[in-house]
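Trainee: Each chain is listed here by its residues.
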Amino acid sequence: MDAAPRRGNNNKRRRREEDSFEEFVSDEEGGGGGSGDDDDGSSLVSSARARVLSSPPLSTLLASSISPALVFELSSREKRARRATMTTHHFACQLPMFMPVGTQGSVKGLTALDLENARVQLILGNTYHLEQRPGSALIETMGGLHNFVSWKQAMLTDSGGFQMVSLSDLLEVSEHAVTFQDPATGNTTTLTPEHCMQVQNRIGADIMMALDDVVSSTANDPKRYEEATYRTTRWLKRCIAAHKRTDRQSLFGIVQGGLDLALRRKSCEELVPLNLPGYAVGGLSGGEDKANFWRCVDASLELLPENKPRYVMGVGYPVDIVVCVALGADMFDCVYPTRTARFGTAMVSSGLLKLRSRSFANDMRPIEAGCDCATCKRYTRAYLHTIVTREPVASSLVSVHNVRYMMRLMEQIREAIENNRFEAFVQQFMRKQFPRVRANDDYAVPYEKMEEDGRAPVWVREALAKAGIALKS
Amino acid sequence: MCARRVVSFALDHAKYAQNNDDGGNASSLAPRTGTITVLSDQSDGKSASTAGTQKLLTPTSLVCTRRASAHLLENDRAQKAYRTNAAVCVPITHFPGEKYVAGIQSGGIREFANLRAAPVVVATCDDPIRSEYSYSQTTNKSKGFYRLTPFGWLSLQPNQVRTIANAIKPDVLALPIDDVPPAAGKRRRETAVSRTHAWLTETLDDGELQGDVALLAGLTGGTDEVVRARAAKLTMEAVRASSACSRVVGVTVGGLAHGYPADTTKAMLAASLEAVPESMVRYAPGLGAPDDVLRAVASGVDLFDGAYPLTCASDGYALTFPLTAQAARDATHEVDASASAGVDVGSDASKMNLRAVAYRTDARPLVVGCTCEACSRPYTRAYIHHLLNVHELLGEMLLEVHNAHHYSLFFEEMRRTVDDNSFDDFANAHFAYRSAHA
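Chains A and Z, in that order, give the protein sequences.
So for the first sequence, UniProt numbering puts the first residue at 1; every next one is plus one.
So for the second sequence, UniProt numbering puts the first residue at 1; every next one is plus one.
Calculated from the structure, these hints are not laboratory results.
Be a bit skeptical, because a hint or two may be false.
Unchecked claim - Between beta-carbon pairs, the in silico distance windows are:
{"id": "1", "chain 1": "Z", "residue 1": "Glu-334", "chain 2": "A", "residue 2": "Lys-377", "range": "41 to 49 Å"}
{"id": "2", "chain 1": "Z", "residue 1": "Gly-369", "chain 2": "A", "residue 2": "Leu-171", "range": "56 to 64 Å"}
{"id": "3", "chain 1": "A", "residue 1": "Leu-171", "chain 2": "Z", "residue 2": "Leu-154", "range": "46 to 54 Å"}
{"id": "4", "chain 1": "A", "residue 1": "Lys-449", "chain 2": "Z", "residue 2": "Lys-99", "range": "30 to 38 Å"}
{"id": "5", "chain 1": "Z", "residue 1": "Asp-205", "chain 2": "A", "residue 2": "Ser-359", "range": "37 to 45 Å"}
{"id": "6", "chain 1": "A", "residue 1": "Glu-415", "chain 2": "Z", "residue 2": "Thr-324", "range": "49 to 57 Å"}
The model shown is predicted, which means the values in this text are computed figures rather than measured ones.
No residue lacks a Cβ here, since even glycine has one placed at the ideal position from N, Cα and C.
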């Protein structure tokens, strides 16, 4: 290990990291398997590592984290919001970022070129679905998921934990494993933490998620939440032991705890000492009350380490993302932008355009003025109105816009934090989403009901107040 | 106001007259190349992309669209895949009435649906992808015709066709044809001829058609060569007699879409085209497979409907047939690896069935060396197989991109070989390759 320059007040934290780095390095020797993808990416992490080790600390608050396959550099902060760079084996991601979902190895209706043009940094795959078809063994033969789907930038695979909620009628959870039933054949698939790691190692994404025991956030079952929280920790330890490619892939742990803040805190306390390269907040965005949602995110983020990426899973509404960034989150994923596009809904800064609506029949404007996406440059709302939900090409056209909209939103957030005007950005963003009065030709509808006095919803104001951001009345 | 667009057609090369032994006006039945030119003036400053001259080299295919979008591809992506030498086909059945064209502004469908890059926009009364269902569905009332539209079966009147055309403002309008089902008797054929003729004369004479839209007159008559020849003669007389004569830049040869044997198709084409002047564009919807296209080009056809690469894509096939005479000869003697291994991949030597498990781990692009957007990334056969397997839209999209590219290269090679008098060689090499792998 190189002699790292001492980092003032961060000595303690740094030393802890180095210890863990050593641990990871020694783990590596036992590492086998994995897909044989190209080599050039490894220099990406090592050069980022060299830069972090040689640069002087920016301030006492800005700690950086290094693990063998991931370097996290915090570059600026405003209140709790963070601006950072996360360098993985394949790509240096600018955080905060949104990650579109390509469940079965394809972001629906978009080519890799479309995604690059939208300046997507990372796409997500889903372990459970990829293991069903085409199978991780095949993906490994084809040189890993990157090669298989022809995507050169970063990738992340979810563990299959979410399918415990989305496919909950078709499975059984025990201490040993989750057993899924195939809806078509009735065959059962068993997913243990060890198997989950083996599959994700074969798939070869930059970031892997630990298998967690996810309970629907609307289950309202305190005993089950408690069981799941502690089981998640036990499974995480099994995942860490089973992870065989620590030089290329980083394993993130997932905080659980249902809607119980004490349980959330307990989960964080158990997970943080395991010293993973990054952490996620899971088990939310499942239809729970927003008042519970933000408090759980807040409680978890408060206890997660400052110098590691924090990923709030399943968040895709722009309002929720802005609130979570204010609370200190860095990464988000959701199928929402592409799914809602297929249903004919476009995302704009003042809410949602339901393009099926008759009001767009003669509207010759692009989806959003000033948007630089390929669709807004070429097509009017009126034309999209004639084809959405009727012609399959419309799902691609609106998805291109929605994905680019998300990327632009994140670009604006990053720029605002860099320039220390994130608070002003949030105020302006919320004013647009929840305007006192809407212009006559603004046919957008809000994501959720506004308060009667035309202000942002109570939960938004409460969460932002907790993050130190006041919305002007 | 949008720019005026004036369509003209000029033959570039038609030297094969002497090689044909069909008698009569043999020159009609020779392979030929030509150029459809669209001149537009600059009256509309803001749409510079439509100003100037756009050219379409023939023989070529149309781009099939659904509500004016190229099936699964964004229109600019489709134009790129077709190497910007394909006319866009907009079936009026996708906008079957006043209320469906209400949103289209003065720029017509070209502006509305971003068809600005398309060299020529052709409005047709039949949807090439659904045409096989349409033929038997003519109403008994003499005027209207039944068509399967995205809104169900609808009866369209000829004057509605003109209203729709006035709204979508195509460069070329292919007039309706009363097609004859294969089993039809003599009376049905005669009715078809007189109806198609009535629709033509009505359109030519009533002056309802606005702008400079050029017309393709319809030729019908089923498999009966005598009826077809008379229909063509009648049509040409009507065109010459009309004051709107100059609008008619070509003909549509109808009734070829029913899968007749090659000889029958050739005879039908000959009967229809005999009376048609060489200077007219000949559009033959219903022919699309490479073998059919080669035979039709040999008979002097200029335009094809372009449904073939799309239907192949939606059936999970990638077009792979050799694109030059040399490549065809080289591949003729190549042993088909999968055939010799006894693997049934469910495809013939002109296309590849990506649903076959044989491609599960095949890391090659669809066609090695292909420069289309799908093959050049490269997307592998294994990935596309997976996408089809899990019903992801992207699988069919990528096949569509590749097939469009491959198909337009095929037309490019036909134009090249016609120009340097080696078309027969190309066609013969292709057929030899096909029979070696039958």
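Trainee: Could one say that the CB atoms of Gly-369 (chain Z) and Leu-171 (chain A) fall in the range 56 to 64 Å?
Mentor: With a Cβ separation near 47 Å, Gly-369 (chain Z) and Leu-171 (chain A) fall outside 56 to 64 Å, so the hint is violated.
Trainee: If you check the beta carbons of Glu-415 (chain A) and Thr-324 (chain Z), does the distance land in 49 to 57 Å?
Mentor: holds (53 Å)
Trainee: Given the range 30 to 38 Å, decide if the beta-carbon distance of Lys-449 (chain A) to Lys-99 (chain Z) lies inside it.
Mentor: holds (34 Å)
Trainee: Against the range 46 to 54 Å, how does the distance between the Cβ atoms of Leu-171 (chain A) and Leu-154 (chain Z) compare: consistent or not?
Mentor: holds (48 Å)
Trainee: Does the hinted range 41 to 49 Å hold for Glu-334 (chain Z) and Lys-377 (chain A) at CB?
Mentor: holds (45 Å)
Trainee: Could you tell me whether the CB distance from Asp-205 (chain Z) to Ser-359 (chain A) stays inside 37 to 45 Å?
Mentor: The hinted range 37 to 45 Å holds for Asp-205 (chain Z) and Ser-359 (chain A), with Cβ atoms some 41 Å apart.
Against the hints set out earlier in the document, a violation occurs for number 2 only.
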